[in-house]
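Given only the sequences and the hints, what does the whole structure look like? Please build it.
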Amino acid sequence: MLGKIGIVIHREFSTRVRTKAFWISTFLSPLLIVALMILPPILVVMYADSEEKGMHVMILDESNLLKGQIDSSKSVVFNIIDGSYQERFKQFQAHDKADVLVYLMAPQPNNTAQVSVRVVSKKALSLAEENSIVKLIQRRIEEIRLLEAGISKEVLEQTKVQLQTHTLVLSKEGEEKAANSGILFGIGIFLSFVIYLSIFIYGAQVMRGVIEEKTNRIVEVIISTLRPIELMMGKVLGVGLVGLLQFGLWIVLTVVLIQLATVLMPTEWATAMQSNAQAGVTAPETSHTAAAGGVGSILQTILDINLFQLIFGFLFYFMGGYFLYSALFAAIGAAVDSETDAQQFTLPVTIPLILAFIMAQIVLNDPYSQLAFWLSMIPLTSPVIMVVRLPYGVPAWELLLSMACLVAGFLIITWLAARIYRIGILSYGKKPSYKDLWKWLLKSF
Numbered sequence: 001m002l003g004k005i006g007i008v009i010h011r012e013f014s015t016r017v018r019t020k021a022f023w024i025s026t027f028l029s030p031l032l033i034v035a036l037m038i039l040p041p042i043l044v045v046m047y048a049d050s051e052e053k054g055m056h057v058m059i060l061d062e063s064n065l066l067k068g069q070i071d072s073s074k075s076v077v078f079n080i081i082d083g084s085y086q087e088r089f090k091q092f093q094a095h096d097k098a099d100v101l102v103y104l105m106a107p108q109p110n111n112t113a114q115v116s117v118r119v120v121s122k123k124a125l126s127l128a129e130e131n132s133i134v135k136l137i138q139r140r141i142e143e144i145r146l147l148e149a150g151i152s153k154e155v156l157e158q159t160k161v162q163l164q165t166h167t168l169v170l171s172k173e174g175e176e177k178a179a180n181s182g183i184l185f186g187i188g189i190f191l192s193f194v195i196y197l198s199i200f201i202y203g204a205q206v207m208r209g210v211i212e213e214k215t216n217r218i219v220e221v222i223i224s225t226l227r228p229i230e231l232m233m234g235k236v237l238g239v240g241l242v243g244l245l246q247f248g249l250w251i252v253l254t255v256v257l258i259q260l261a262t263v264l265m266p267t268e269w270a271t272a273m274q275s276n277a278q279a280g281v282t283a284p285e286t287s288h289t290a291a292a293g294g295v296g297s298i299l300q301t302i303l304d305i306n307l308f309q310l311i312f313g314f315l316f317y318f319m320g321g322y323f324l325y326s327a328l329f330a331a332i333g334a335a336v337d338s339e340t341d342a343q344q345f346t347l348p349v350t351i352p353l354i355l356a357f358i359m360a361q362i363v364l365n366d367p368y369s370q371l372a373f374w375l376s377m378i379p380l381t382s383p384v385i386m387v388v389r390l391p392y393g394v395p396a397w398e399l400l401l402s403m404a405c406l407v408a409g410f411l412i413i414t415w416l417a418a419r420i421y422r423i424g425i426l427s428y429g430k431k432p433s434y435k436d437l438w439k440w441l442l443k444s445f
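Numbering (full-length UniProt numbering), first residue to last: 1 to 445.
I should point out that these hints are in silico values taken from the structure, not numbers from a laboratory. Predicted model, so just to flag it, every value in this text is computed and none were measured. Glycine included, C-beta positions come from ideal geometry on N, C-alpha and C. Honestly, I wouldn't trust all of these hints.
Computed beta-carbon distance windows for the label pairs [as the list claims (entries may be wrong)]:
hint	residue 1	residue 2	range
1	TRP438	LEU307	43 to 49 Å
2	GLN259	LYS443	55 to 61 Å
3	VAL194	ILE412	41 to 47 Å
See below:
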C-alpha cells in the first residue's frame, strides 16, 4: 500500500514542482512580502523630501475663534480672511492659488464645545489632507481657550508625559522575560494568516487535480491498480510536500532579500524603516536611540518566546490543518464533474476556517479565555486559533490535548471523506446534491 501511495505522491509532487507557475509564485511571493515591508517607509521619506507647500487654505472665521492668527505647516498654508461667506465663496472660485475654503461658523452660546466647520475644496481631499487641516485649526482653538483660562502652551506641554513601557512576563521558573504585546500580536496574526491562506491554496489544488483527472477519465485507469483511499491520500500528501517545499523556499528567500535590502538601501531609508516599526517614538532628536531600543526590544521578545514550541506547533498545525481540509476538498472534487459544481459544497466546508480566522482576532484580546480554549480543541478551527495563542505561551497539557483532537479529527474526517471519494470518483453525468453525498456516506455501513 505504501509503495503505491509513494508512486502517487511522487507523481503529484514532480508534476507540480516542474511547472513554471510554481517557480514564478515561489520567487514573486517573497519579493512582494519584502516590498510591502520596505516600500511604505521609503515612500514616506521620498514624499517628505519632495513635498512643497502645496495646499493654500483660505479661512473665513465668522466665530473669531482663531483670533486672526494660525500657524501654517509644511503642507498647509493658511490665510485668514474676513467678509461674508457668499462674497468670499465667489472670490475662492476665481482665485487660482486657493485650494480650500474653510468656513468657521459661530458656535451656539449654550454649546461652545461644538464648532461647525464647512470645508470647500476644488478637488476631493484625501483623508490625510482633510485631517491635517482640521487638526491644525482644532489645535489653534484649543490653544486660545487654554490661554483664556490662564494656561499657557508651555505649561501644558510640561504636563505631558511620555511613558517608555517595557513589558515583562514572570515565567514559572521565576525569570523575567520580555513580552512586547505588539510583537506577540503581530507574530500570532501573521502565522494564523499563513495557515489560513495555505489551506485555501493547497486544498484548492487538491480539489482541482481530482476534478481534472476525473474529467479526463484518467482516474478510471489509475483506479484499476489503486484503491480510491490510496489515490486520495497520495494526492493529499503529494500536494502537501509541494506546500512544505514552497513554504521553506519562501522563508529562505524572504530572509535573504531582507538582508540584501538592509545592506543596499540608503541610510535615511533604513532609519525611516526603524522609526516606522516603533510605536510612540516621534521626536527627531531621540529617533536613533529609540530605534536601537525598539529593535532590541523586538529581538529580546522573539528570543524569550518558546521558539521550539512555536516552530514545532506551527508546522504541526500547518500540516494537520492542511491534511484535514484537503481530505474534504478531495471528496468534493471526486463528487463533482466541474469546479462550478464544486462551489455549492466548498462554502460549507470553508465556513469553519473563515470563522476561525475572524475569531482569531477576538482571541488575541484574551488568549487564555474559555473561548480561546474551546476553539483550540475543535479540529476544524484549532489550526488557526492555536497558532495565534502559541507566541503568548500555551500550557503543555493544553497543547497536547489540542494536537490529539486534531489528529483524531483528521482520522475521522479522512475516513468519512474516503467513503464519498470512493463512490464519487466514478460517478459521472449527474450534478450531485447533499442528499447524494449523504447516501454515499452511509453506503456499506
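Cross-check of the supplied hints:
Against the hinted window of 43 to 49 Å, the Cβ-Cβ separation of TRP438 and LEU307 comes to about 46 Å, which satisfies the hint. Distance hint check: the CB atoms of GLN259 and LYS443 are about 57 Å apart, consistent with the given range 55 to 61 Å. A hinted range of 41 to 47 Å is violated for the C-beta pair VAL194 and ILE412, which are about 26 Å apart.
Violated hint: 3 only; the structure is consistent with all others.
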